[in-house]
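Peer 1: This note's numbering applies: residue 1 is where the sequence shown begins, and numbers increase by one.
The reader is advised that the hints may include incorrect statements.
Have a look at the derived ranges for each label pair, beta carbon to beta carbon [what the hints assert, rightly or not]:
#1 M170 to G34: 31 to 37 Å
#2 P60 to V172: 37 to 43 Å
#3 N123 to L42: 44 to 50 Å
#4 K124 to G34: 21 to 27 Å
Calculated pairs, BS3-like style, for lysine-lysine (alpha carbon to alpha carbon, straight line, at most 27 Å) [claimed, not checked]:
#5 K151 to K93
#6 K117 to K90
#7 K144 to K114
Source of the hints: derived by calculation from the structure; they are not laboratory data. Ideal Cβ positions, reconstructed from N, Cα and C, are used throughout, including at glycine.
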Amino acid sequence: SGDPVKAGDHQDAKSVFDFESVRLLQAIDKLNHGVNWNGKKLADGPTDLFAGAAVDPQSPSKSGLKKRFENKLLAGAQFFQSQLITDFEKLEKFMNEVAVETDKPILAGIFLLKSAKNAAFINKYVPGVNIPESIINRLENAEKPLEEGMKIAAEQVKMVGGICHGVHLMAVKREDLIPQILDLAEIEGIN
Numbered sequence: 001s002g003d004p005v006k007a008g009d010h011q012d013a014k015s016v017f018d019f020e021s022v023r024l025l026q027a028i029d030k031l032n033h034g035v036n037w038n039g040k041k042l043a044d045g046p047t048d049l050f051a052g053a054a055v056d057p058q059s060p061s062k063s064g065l066k067k068r069f070e071n072k073l074l075a076g077a078q079f080f081q082s083q084l085i086t087d088f089e090k091l092e093k094f095m096n097e098v099a100v101e102t103d104k105p106i107l108a109g110i111f112l113l114k115s116a117k118n119a120a121f122i123n124k125y126v127p128g129v130n131i132p133e134s135i136i137n138r139l140e141n142a143e144k145p146l147e148e149g150m151k152i153a154a155e156q157v158k159m160v161g162g163i164c165h166g167v168h169l170m171a172v173k174r175e176d177l178i179p180q181i182l183d184l185a186e187i188e189g190i191n
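Full structure from sequences and hints, please.
Peer 2: Next comes the structure, spelled out in structure tokens:
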């Protein structure tokens, strides 16, 4: 499971299908309990890995979403990170109906859109993501699209503040802008 490796920046990378996310979480849980995948005791004792998992609150299948989420919890996920969120009502519904009984932190995926072209590319090539036309129009009509994208990301960070536990701010190749986005969102305590 996960993104195709060819979507990354290592074009010669090969996909590995020995583990999908739930089996990988199970393997990490075994390592944290001091045994390997085959049940043999680790010579150096247990590991202390903090395993997280992805979740897509915008999934069209609520039952499938619930089942995958529960399977990842049972397999040892200690936190969750959502895919890029564009539908905040679905995120809130997920938190209130699916994730309501867990104490595991859930981070919302917020993406810095740099231009209308960037947003259109994501809509075309990233499965399950639908950036609203209103956002694309804001970027298209902005004198400085990158600054508008930063404002949009900051607004979204503020939006999820009352919904989930935090954010995973994706500012691909512009990570240097994350502190400014958090300032715009009026997030305190960031150095």
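Peer 1: Would you mind marking each hint as holding or not holding in the structure?
Peer 2: Verification of the supplied hints:
For the hinted restraint 31 to 37 Å between M170 and G34, the CB-CB distance of approximately 35 Å keeps it satisfied. The supplied range of 37 to 43 Å is broken by P60 and V172, whose beta-carbon atoms lie about 26 Å from each other. Checking the proposed 44 to 50 Å range against N123 and L42 shows it holds: the Cβ atoms sit about 45 Å from each other. The hinted range of 21 to 27 Å is not satisfied by K124 and G34, whose Cβ atoms lie roughly 46 Å apart.
Restraint check: the Cα-Cα separation between K151 and K93 comes to about 25 Å, which is no more than 27 Å; the hinted pair holds. Restraint check for K117 and K90: the C-alpha separation of about 25 Å stays at or below 27 Å, so the hint holds. Between K144 and K114 the CA atoms are separated by roughly 9 Å; this keeps the pair inside 27 Å, and the hint holds.
Taken one by one, the earlier hints fail for this structure at numbers 2 and 4, listed in ascending order.
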